[in-house]
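**Student:** Sequence:
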Amino acid sequence: FKGSTSLILLLAVCKRQYGAEPEVTVTLGRLKGRQTNVKGTDRLVNVFLGIPFAKAPVGSLRFSPPEPPEPWNDLRDATSYPPLCPQDLSMLKTAEKNFKEKHLPFRTSEDCLYLNVYSPAGSDKKDKLPVMVWIHGGNFIFGGASRYDGSALSAYENIVVVIIQYRLGLLGFFSTGDEHARGNWAFLDQVAALRWIQENIEPFGGDPGSVTLFGVSAGSCSVFAHVLSPLSKGLFHKAISESGILIPPDKDLLRSTDLKVVILSFFLLLQEIPLLPLVLDGVFLHKSPEEILAGKEFNAVPFMIGVTNNEFGWNIRSTSTIPGLKEIGDKKSITSTLEFFLPMMCVPSEFLPAIVDEYLGNTDDPAELRDGFLDLLGDAVIVMPSIKALNYHRESGAPAYFFEYQHRPTSYWDSKPEYVKADHGDEVGFVFGGPYLAEEEKNLSRTLMKYWANFARNGNPNGEGLVEWPSYNLNEEYLEINLKQKKARKLKERKVDFWRKLSQPYS
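Positions -20 to -1, 1 to 487 (mature numbering (1 follows the signal peptide of the UniProt record, and there is no 0)) are the ones given, in order, by the sequence shown.
Hints are computed from structural coordinates only; laboratory data are not their basis. The C-beta atom is built at its ideal place from N, Cα and C for all residues, glycine as well. Warning: the hint list may mix true and false statements.
Computed spacing ranges between beta-carbons, pair by pair [stated by the list, open to error]:
| id | residue 1 | residue 2 | range |
| --- | --- | --- | --- |
| 1 | Ser40 | Arg87 | 44 to 54 Å |
| 2 | Asp337 | Pro210 | 35 to 45 Å |
| 3 | Ser89 | Gly214 | 23 to 33 Å |
| 4 | Glu330 | Ala468 | 25 to 35 Å |
| 5 | Tyr399 | Phe320 | 18 to 28 Å |
| 6 | Ser44 | Thr301 | 28 to 38 Å |
| 7 | Thr390 | Pro346 | 20 to 30 Å |
| 8 | Gly445 | Glu90 | 44 to 54 Å |
| 9 | Pro303 | Glu398 | 44 to 54 Å |
| 10 | Lys276 | Asn455 | 15 to 25 Å |
| 11 | Pro48 | Leu332 | 47 to 57 Å |
| 12 | Arg87 | Pro48 | 19 to 29 Å |
| 13 | Glu47 | Val447 | 20 to 30 Å |
| 14 | Glu3 | Val447 | 36 to 46 Å |
Based on the provided sequences and hints, a complete structural model is requested.
**Tutor:** Given below as structure tokens:
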């Protein structure tokens, strides 16, 4: 998704650099990192940046599965951020503005299959610390590992944080639907990174038997793709999807080699349509997601899924080129936008009158129309698919947890319209321990880090001093996350019932 994800090298203002140069030996050679301290803790963190987990995907390796990198003989410097995968950096700049991020200047290169590791100083293989692997968002067309800093999460919670990169856009997803270019290259990159973690994380103090995937937006969709994929089985043990459960419902579309379908899929990708550009390649995925879910053939690991209460508030829309999505007009204009947008989300056009009536009603008030339109987009694209995925997961018997994030960060007071509540990706900065100035927001950040790290440790977010987070059971209980947390049940029950009766294909 556009405008997805957050944090972020702003943490640089909260920590000091130390002179120590930690070294670690992995299967391919020795690495030299740097050491840092996070304000508010007494734990040092070892930082290793730009570690290769695959060869550069260039030449004959372009549009091909990733291959293991070559070993090196000398001590390899791992103190510089790796280049981002090729992308339009103007999109990243818009996201930076939305989230008030500050970074060192980014550079891009096809030689971009690297990861960054943050681990508590002094930890080694005997410690077996939980590992959290972050998959960045950006609608599969922008973003990278260098937007994030795992130091605070590692220091506060005594865990190993790994942030990975993967090919984007056409380089990550081009598919002819046959053996010439099967596609899913980005997901195969992610699998390669997970295999690297299995083979190499112990020297950093991490436990290869306790790996948690987490991500937001397109990264959240990626996490869910690994839950579905047999290729990822055993490479991770828990999963957290934040604002993104998107599933192509049509297995024939997923298998199609029709040129019109191929062109359409990439038109959608380049037009910032939030979708999961997944194909049935016979490698990463053998069946459609709907078949996998219905047959309970997915990786039944503990799974946490979350949404915000204003998914289409501003971040997704702010960089969109879809007519009527950024600037919202009257009811006629909104209906025209929906006629263009909903079929892309696999919502049949014959459902449009009922949807307009449910969400817009008879009002002509601009604010009410705007709010109804944004609720509709958030429900159709993110909230309802998330609830459906939760129900499938619960029925498998695996632990499931659900949250709705509700707090708008005070630091965004002048970067988004006043009507925006908790926007797409707004919780991410809190999960990574962002530098919030208000004491109550610092406490919220500490709370989220504890919930997420507890889940990584135990498959259960609960712990001492935290409001009880109920599992997602037959009562559909979940946690409302705000400056104060509280239990709730049956999120958007009336809307869930509406979409169920409408028999919308799962998308």
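**Student:** Determine for every hint whether it applies to the structure shown.
**Tutor:** Hints, verified against the model:
no. : hint                         : in the structure
1   : Ser40 to Arg87: 44 to 54 Å   : violated (24 Å)
2   : Asp337 to Pro210: 35 to 45 Å : holds (42 Å)
3   : Ser89 to Gly214: 23 to 33 Å  : holds (31 Å)
4   : Glu330 to Ala468: 25 to 35 Å : holds (34 Å)
5   : Tyr399 to Phe320: 18 to 28 Å : holds (23 Å)
6   : Ser44 to Thr301: 28 to 38 Å  : holds (31 Å)
7   : Thr390 to Pro346: 20 to 30 Å : holds (26 Å)
8   : Gly445 to Glu90: 44 to 54 Å  : holds (47 Å)
9   : Pro303 to Glu398: 44 to 54 Å : violated (24 Å)
10  : Lys276 to Asn455: 15 to 25 Å : holds (21 Å)
11  : Pro48 to Leu332: 47 to 57 Å  : holds (50 Å)
12  : Arg87 to Pro48: 19 to 29 Å   : holds (24 Å)
13  : Glu47 to Val447: 20 to 30 Å  : violated (47 Å)
14  : Glu3 to Val447: 36 to 46 Å   : holds (42 Å)
When the structure is compared with the earlier hints, violations turn up for hints 1, 9, 13 and for no others.
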